[in-house]
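J.: Sequence:
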Amino acid sequence: MSAASDFDAMIMDFMRDDPMTATYLQYIEDYDYATSENILIEVRTPVSGILLDFDRTNNGLSSKFGELVISGDKDFYMLPTQKRDPLATPIVPNTTSDKIIVAGITYKIHMMKAADPTGAAPLLYNFMLRR
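So for the sequence shown, numbering that gives the first Met the number 0 puts the first residue at 0; every next one is plus one.
These are computed hints drawn from the structure, not numbers from a lab. Be a bit skeptical, because a hint or two may be false.
DEER-style ranges, computed between Cβ atoms [stated by the list, open to error]:
1. ILE104 x SER35: 19 to 25 Å
2. THR117 x GLU36: 39 to 45 Å
3. ILE69 x SER35: 21 to 27 Å
4. ALA119 x PHE64: 40 to 46 Å
Here are the simulated DSS-like pairs of lysine-lysine, each with C-alpha atoms no more than 27 Å apart in a straight line [said to hold, decoys possible]:
5. LYS63 x LYS107
6. LYS63 x LYS112
7. LYS63 x LYS98
Even glycine gets a Cβ: it sits at the ideal position worked out from N, Cα and C.
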């Protein structure tokens, strides 16, 4: 077994044991031929993830992805949609417009990294969320 498949198995076990459902909001631009205007369509997709607070280990400060963590920031690990449902449309995160709703609170995606050791399909997304 490769390290990537071991990591994938560990993630799937953890998500099965302690799942949290969130809503991923995507904003897709489309063209309305009736009004001859561009419109923004909101697409809501249920996702599985884990929401964590950040530890401030260095004089009350910490960083993630090279960015300073501020009060209220959250660490969110999201399972790709096709891992939750093989027939689901994959989400390609857009950090400039997409949002995530967890426990009724809407967060903006401040930073994002994909755990994708093979380059073929992400095993996990890690987001730094900000209100």
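J.: Given the hint of 40 to 46 Å, check if ALA119 and PHE64 actually sit that far apart at their C-beta atoms.
T.: With a Cβ separation near 23 Å, ALA119 and PHE64 fall outside 40 to 46 Å, so the hint is violated.
J.: Are THR117 and GLU36 spaced within 39 to 45 Å by their CB atoms?
T.: Holds, since THR117 and GLU36 (Cβ atoms, about 41 Å apart) stay within the stated range.
J.: Is the distance from the Cβ of ILE104 to the Cβ of SER35 consistent with 19 to 25 Å?
T.: For SER35 against ILE104, whose Cβ atoms are near 37 Å apart, the range 19 to 25 Å is violated.
J.: I want to verify a distance hint. Is the separation of the beta carbons of ILE69 and SER35 within 21 to 27 Å?
T.: 42 Å, violated
J.: Given the hint that LYS63 pairs with LYS112, test it: the Cα-Cα distance must not exceed 27 Å.
T.: Cα-Cα ~10 Å, so holds.
J.: Could you grab the alpha-carbon distance between LYS63 and LYS107 and see if it respects the 27 Å cut-off?
T.: 15 Å, holds
J.: Holds or violated: LYS63 and LYS98, Cα atoms, limit 27 Å.
T.: Satisfied, since the Cα-Cα distance of roughly 18 Å is no more than 27 Å.
Taken one by one, the earlier hints fail for this structure at numbers 1, 3, 4, listed in ascending order.
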